[in-house]
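K.L.:
Each chain, letter by letter, is given below.
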Amino acid sequence: MSYIPIGPLHPGIKEPLRIKLKTEGERVVDAEVDLGYMYRGVEQIARGKPWQKVAYLAERVCGICSDTHPRALIEGLERIADCVPPLRAQYSRVIIGELNRIHSHLIANAIYFLALEHETLGIYLLNIREKVMDLLEMISGNRVLYSWNLVGGVRMDFKDSHLKKILENLREVEDHVTRYRKMFKTGPLLGLRSRDIGKLSKEDAIDVRAVGPVARASGVKFDWRTKHPTYVDYFDFEPVWRDECDNYARVMMRFDETLESIKIIRRAVNELPSGPIRKDCDIPRGSIDYRYEAPRGELVYIFETANHGIIKDITIRTPTVPNLEACAKHMFKDSPTISDAVAIYQTIDPCMACTERVVILDENNKKEEFRSFFDVSSRKGSGEKSVDKQTKI
Amino acid sequence: MIKDFIRKRSINICLVCTGGCNGCDIEVAALLSQRYDLEQYGIYLHNNPRECDAMVVTGTVSKQWQEKLVELYNKVPEPKAVVAIGACALSGGIFQQEGEKVGAPVSNHIPVDAEVPGCPPRPAEIASAVLKYVPVALANYRRKS
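Residue numbers (the working numbering), protein chains in the order written: chain A, 7 to 399; chain B, 2 to 146.
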């Protein structure tokens with residue numbers, strides 16, 4: 007029995023995090039996760055600021071899903087104000103959101119293949135991702151942070167040349183991603199490293215409340231896009247899911263969702279309605295619990311506003327929090343080698359920048375303790391309440 | 002002498018993320034793709050401080066990193082250089098607010114040789130900053146011993 011620390015700085019892990027693996031020989035028996043390296047106090051800064059500043063800040067909670075965070079905040083504010091944005095704005099939100107999802111899924115899979123030391127596929131995926139980044143830069147002006155959503159609409163309009171370029175690049179992305187998916191599906195060595203490793207059964211996934219591609223790869227057929235009005239009314243969205251429950255399923259999920267997103271964007275571009283892109287809304291006093299599907303899973307924004315859109319209080323729960331719990335509790339168990347443990351950790355598509363939420367001050371001992379939001383919520387038992395709230399929306 | 006000459010032409014960089022939004026880190030990861038192809042310029046990206054020539058630091062230096070960043074810097078073999086990337090590493094960006102205790106900028110903790118502004122900077126800018134200024138910084142480095 008020995009302990010092997012991984013991180014905070016490790017070649018296989020791009021973001022700072024310490025994983026302490028308890029091993030018997032090469033086999034991993036148990037794991038502990040130590041957080042706190044990325045804590046910046048986003049919620050503390052957001053309190054008492056107008057929504058324009060908070061949207062700017064929400065975008066910087068996470069640089070990879072940087073469309074989803076401000077979108078969840080702003081759609082929540084719109085729901086408080088009872089304000090439905092014009093149809094063209096809704097469609098353009100779908101286009102940017104799905105492009106963002108494609109680039110997030112491609113980089114997640116690329117980093118998984120780099121962690122397996124299969125550099126060919128990893129670098130192919132990074133290269134095809136640049137086509138998507140080009141589209142995002144052409145449309146919004148920045149490669150990573152788009153500032154696309156505003157209350158009542160979006161910031162800019164598409165030009166005809168933009169739409170043509172989107173279809174052109176997406177055709178190329180679809181061809182390549184289909185080919186890489188086949189390479190992963192049929193590659194014998196990749197299969198050996200991926201199949202039957204990092205098992206998360208459906209019961210365990212529900213027990214730790216895993217979300218997003220991690221849950222859908224374990225047979226939990228749920229996606230918040232099926233509850234989103236734009237997707238329900240205009241896109242006939244059906245979630246993709248698999249039931250293999252292992253690393254292979256999770257990586258395959260991301261390839262499948264990429265192809266699904268390409269179909270959604272193509273439909274949105276072809277059916278894009280004309281009309282205004284923004285309308286006026288005044289935000290009254292109110293509170294909301296708004297959930298939306300980020301590339302990594304369920305994203306929760308619970309906030310309270312004063313008149314004219316001043317944010318009084320805000321709580322953000324990001325998808326990596328429960329997924330990390332699933333990873334530490336169930337997936338690391340019986341991982342054959344330590345390099346597999348690093349690969350398992352990459353399949354949950356961790357985003358530590360999102361996850362660091364809470365710092366606990368112990369005044370008596372003058373000690374600071376870093377915890378994720380999940381630890382605190384499960385200790386108080388408020389995790390159960392949030393499940394009840396899910397059904398309301 | 003020869004060692005210094007060679008090291009100027011093959012730069013190993015160590016990416017240290019000290020608590021930003023990840024935007025700068027994915028732009029550094031994008032440099033690996035064939036479009037930019039970092040390795041054709043003789044730059045190799047990995048995360049081992051004991052083998053690297055230059056540290057690339059992103060993010061506001063959060064509380065847990067403040068001592069560890071100095072420790073990491075001391076582990077890098079001499080001569081060494083530091084490139085700070087992004088608004089967070091240069092000034093704290095949006096996270097440097099009243100009542101918050103982020104340790105930005107990075108130059109408060111370790112000496113910084115090159116700064117790349119932007120939120121986030123483009124991959125080409127990062128690559129050109131490393132290529133232009135790291136050899137100069139390595140040549141001008143004054144050894145402690």
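Hint data in this document are derived by calculation from the structure and do not stem from the laboratory. All figures in this text were calculated on a predicted structure; none of them were measured in a lab. Treat each hint with caution, since some may be false.
When the alpha-carbon atoms are kept at most 27 Å apart in a straight line, the in silico DSSO-like pairs for lysine-lysine are as follows [claimed, not checked]:
id: 1; chain 1: B; residue 1: Lys76; chain 2: B; residue 2: Lys9
id: 2; chain 1: B; residue 1: Lys9; chain 2: A; residue 2: Lys28
id: 3; chain 1: A; residue 1: Lys227; chain 2: A; residue 2: Lys188
id: 4; chain 1: B; residue 1: Lys69; chain 2: A; residue 2: Lys318
id: 5; chain 1: A; residue 1: Lys205; chain 2: A; residue 2: Lys227
id: 6; chain 1: A; residue 1: Lys165; chain 2: A; residue 2: Lys188
id: 7; chain 1: A; residue 1: Lys188; chain 2: A; residue 2: Lys233
id: 8; chain 1: A; residue 1: Lys55; chain 2: A; residue 2: Lys285
id: 9; chain 1: A; residue 1: Lys191; chain 2: A; residue 2: Lys339
id: 10; chain 1: B; residue 1: Lys76; chain 2: A; residue 2: Lys55
id: 11; chain 1: A; residue 1: Lys205; chain 2: A; residue 2: Lys339
id: 12; chain 1: A; residue 1: Lys285; chain 2: A; residue 2: Lys165
id: 13; chain 1: A; residue 1: Lys59; chain 2: B; residue 2: Lys76
id: 14; chain 1: B; residue 1: Lys69; chain 2: A; residue 2: Lys26
id: 15; chain 1: B; residue 1: Lys102; chain 2: B; residue 2: Lys76
id: 16; chain 1: A; residue 1: Lys269; chain 2: A; residue 2: Lys191
id: 17; chain 1: B; residue 1: Lys64; chain 2: A; residue 2: Lys59
id: 18; chain 1: A; residue 1: Lys26; chain 2: A; residue 2: Lys335
id: 19; chain 1: A; residue 1: Lys269; chain 2: A; residue 2: Lys137
id: 20; chain 1: A; residue 1: Lys55; chain 2: B; residue 2: Lys69
id: 21; chain 1: B; residue 1: Lys102; chain 2: B; residue 2: Lys9
id: 22; chain 1: A; residue 1: Lys191; chain 2: A; residue 2: Lys170
id: 23; chain 1: B; residue 1: Lys9; chain 2: A; residue 2: Lys318
id: 24; chain 1: B; residue 1: Lys64; chain 2: A; residue 2: Lys26
id: 25; chain 1: A; residue 1: Lys191; chain 2: A; residue 2: Lys137
id: 26; chain 1: A; residue 1: Lys339; chain 2: A; residue 2: Lys28
id: 27; chain 1: B; residue 1: Lys76; chain 2: A; residue 2: Lys26
id: 28; chain 1: A; residue 1: Lys208; chain 2: A; residue 2: Lys233
Stretch by stretch, here's where chain A covers chain B in the computed footprint (C-beta under 8 Å, at least three residues) [unchecked claim]:
id: 29; segment: 16-26
id: 30; segment: 37-49
id: 31; segment: 66-73
id: 32; segment: 117-124
id: 33; segment: 128-140
Simulated DEER-style distance windows between Cβ atoms [stated by the list, open to error]:
id: 34; chain 1: B; residue 1: Met2; chain 2: A; residue 2: Glu32; range: 43 to 51 Å
id: 35; chain 1: A; residue 1: Ser8; chain 2: B; residue 2: Glu52; range: 43 to 51 Å
id: 36; chain 1: A; residue 1: Glu266; chain 2: B; residue 2: Val137; range: 23 to 31 Å
id: 37; chain 1: A; residue 1: Asp202; chain 2: B; residue 2: Met2; range: 52 to 60 Å
id: 38; chain 1: A; residue 1: Glu143; chain 2: B; residue 2: Val137; range: 16 to 24 Å
id: 39; chain 1: B; residue 1: Glu126; chain 2: A; residue 2: Arg161; range: 45 to 53 Å
id: 40; chain 1: B; residue 1: Glu126; chain 2: A; residue 2: Asp166; range: 27 to 35 Å
The beta-carbon is built from N, C-alpha and C at its ideal position, and this holds for glycine as well.
K.L.:
Asp202 of chain A and Met2 of chain B, beta-carbon distance inside 52 to 60 Å?
P.N.:
54 Å, holds
K.L.:
Measure nothing beyond the straight line between the CA atoms of Lys76 of chain B and Lys9 of chain B; if it is 27 Å or shorter, mark the hint as holding.
P.N.:
19 Å, holds
K.L.:
Given the hint that Lys55 of chain A pairs with Lys69 of chain B, does the C-alpha gap stay at or below 27 Å?
P.N.:
Answer violated: Lys55 of chain A to Lys69 of chain B is near 33 Å, above 27 Å.
K.L.:
Would the pair Lys69 of chain B and Lys318 of chain A pass a check requiring their Cα atoms to be no farther apart than 27 Å?
P.N.:
35 Å, violated
K.L.:
Do at least three Cβ atoms from the segment 128-140 of chain B come closer than 8 Å to Cβ atoms of chain A?
P.N.:
Answer violated; 0 residues pass the 8 Å Cβ test.
K.L.:
Would the pair Lys64 of chain B and Lys26 of chain A pass a check requiring their Cα atoms to be no farther apart than 27 Å?
P.N.:
21 Å, holds
K.L.:
Lying within 43 to 51 Å: is that true of the beta-carbon distance Ser8 of chain A to Glu52 of chain B?
P.N.:
25 Å, violated
K.L.:
Are the Cα positions of Lys64 of chain B and Lys59 of chain A separated by 27 Å at most?
P.N.:
Within the cut-off at roughly 24 Å; holds.
K.L.:
Are at least 3 residues of the segment 16-26 of chain B within less than 8 Å of chain A when you compare beta carbons?
P.N.:
holds (count 11)
K.L.:
Given the hint that Lys191 of chain A pairs with Lys137 of chain A, does the C-alpha gap stay at or below 27 Å?
P.N.:
23 Å, holds
K.L.:
Closer than 8 Å Cβ to Cβ for three or more residues is the test here. Does the segment 66-73 of chain B pass it with chain A?
P.N.:
Holds: 3 residues of the segment 66-73 of chain B have a Cβ under 8 Å from chain A.
K.L.:
How does the Cβ-Cβ distance of Glu126 of chain B and Asp166 of chain A compare with 27 to 35 Å: does it lie in that range?
P.N.:
Distance hint for Glu126 of chain B, Asp166 of chain A holds at roughly 31 Å.
Hints 2, 4, 6, 7, 10, 13, 20, 21, 22, 23, 33, 35, 36, 38 and 39, counting from the list given before, are not met by this structure.
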